[in-house]
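Q: Please put together the full structure from these sequences, using the hints given.
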Amino acid sequence: MLAPMDATQAIADLTEISPQVRRVAVAEAGGALGGSNFPDEEAAKRLLDGAQRLLEAAEELRPELTQLEAATTAGSVFVVRDGDRLIAATTSPEPTVGLVFYDLKTCLRSIDPAPGGGAGKAGTSAEGGSVEPTPPKKPARRRAPKKEAADGEA
Amino acid sequence: MARRKVITGVLLAAGSVAGSLLVRRRAARKQAHVDLYGADGTMHSFTEGTPEAERLLPIANDLLATL
Chain A
2 MLAPMDATQA IADLTEISPQ VRRVAVAEAG GALGGSNFPD EEAAKRLLDG
52 AQRLLEAAEE LRPELTQLEA ATTAGSVFVV RDGDRLIAAT TSPEPTVGLV
102 FYDLKTCLRS IDPAPGGGAG KAGTSAEGGS VEPTPPKKPA RRRAPKKEAA
152 DGEA
Chain B
258 MARRKVITGV LLAAGSVAGS LLVRRRAARK QAHVDLYGAD GTMHSFTEGT
308 PEAERLLPIA NDLLATL
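In order, the protein sequences belong to chains A and B. Under our numbering, the first residue of the first sequence carries the number 2, and numbering increases by one thereafter. Under our numbering, the first residue of the second sequence carries the number 258, and numbering increases by one thereafter.
Read the hints as simulated data drawn from the structure, not as lab findings. Quick caveat, the model's predicted, so the values are computed rather than measured. Treat the hints loosely; a few may be bogus.
What the hints assert, rightly or not - Examples of chain B residues toward chain A, derived with CB under 7 Å: (1) 292; (2) 293; (3) 300; (4) 301; (5) 312; (6) 313; (7) 321.
Glycine included, C-beta positions come from ideal geometry on N, C-alpha and C.
A: Have a look at this one:
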C-alpha cells in the first residue's frame with residue numbers, strides 16, 4: 002500500500018511510469034477538481050465533465066459501473082471510479098488497457114483525499130504549488146523485554 | 258511428386274488462413290469500441306456501429322479532439 006500523497010505528485014508518477022497516458026484529471030467527492038496535469042484548470046474541468054457524461058451515459062447501459070474505456074482511432078478515454086472519487090485520462094491509440102487501468106487505480110488510491118471533498122490539495126502541474134500532506138503517523142515502537150534470565154546465567 | 262504438390266498446396270492454404278486471421282485480429286483491435294466494466298467483474302464490449310457505441314463514442318471523440 003502506497004502512502005497517501007499529493008495529487009500533483011501522484012499524477013506525475015503516473016505519467017512517468019505509463020507514457021501512454023497523455024492527460025489526467027482527478028475529481029474529488031462532489032465533483033471538484035482534485036488535480037490534473039493540464040496547464041490550465043478549464044481544460045481539466047472539460048475532461049472531467051466529458052468523463053462524467055460518459056459515465057452517466059454508460060450507466061444507463063450497464064448499471065454499477067466501475068470503469069470504462071472508449072477507444073477510438075485518435076486515442077482512448079479511460080474513466081475509473083473509486084467510491085466518490087474519479088480519475089479520467091486520455092491515452093495514445095491502442096494502449097495496454099490492463100496496465101492503464103491498474104496505473105489509474107493505483108494513482109487514484111495513492112492520492113490523499115482532500116478534506117470535505119474539495120480541491121484543498123489540488124493543483125495542476127503548471128501551478129506547481131500544492132499543500133504539503135501531513136505525513137502518516139508512525140506506529141509506536143515496542144521495547145523488547147529484558148533478558149534478565151539470560152543475563153543472570155552469563 | 259503429386260504428394261509433394263498436395264503438401265505444398267495445403268501449407269500455402271494454411272499460411273494464407275493464418276495470415277488473414279492475424280490481419281482481421283489487428284483490424285478488430287484498431288476498430289473503435291467501448292468497454293464497460295461492472296463492479297461484479299463483468300465486462301461488456303460495444304464495437305463501432307452498435308447503438309451503445311454510437312451513443313458513447315461521440316463523447317470520447319469530442320474529448321480527444323478538444324484536449
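Q: Can you verify the interface hint for residue 300 (chain B): is its Cβ closer than 7 Å to any Cβ in chain A?
A: The hint is violated - residue 300 (chain B) has no Cβ within 7 Å of chain A, the shortest such distance being about 9 Å.
Q: Would the hint on residue 321 (chain B) stand, with a C-beta cut-off of 7 Å toward chain A?
A: holds, 5 Å
Q: Does the interface hint hold: is residue 293 (chain B) within less than 7 Å of chain A, judged Cβ to Cβ?
A: holds, 4 Å
Q: Once the shortest beta carbon distance from residue 313 (chain B) to chain A is found, is it less than 7 Å?
A: holds, 6 Å
Q: For the restraint on residue 312 (chain B), tell me whether the closest CB of chain A is nearer than 7 Å.
A: Holds. Min distance 6 Å.
Q: Mind checking the CB of residue 301 (chain B) against every CB in chain A and telling me if the closest is under 7 Å?
A: holds, 5 Å
Q: Given a cut of 7 Å on the nearest C-beta pair, is the interface hint for residue 292 (chain B) held or broken against chain A?
A: holds, 5 Å
Hint compliance for this structure: hint 3 alone is broken.
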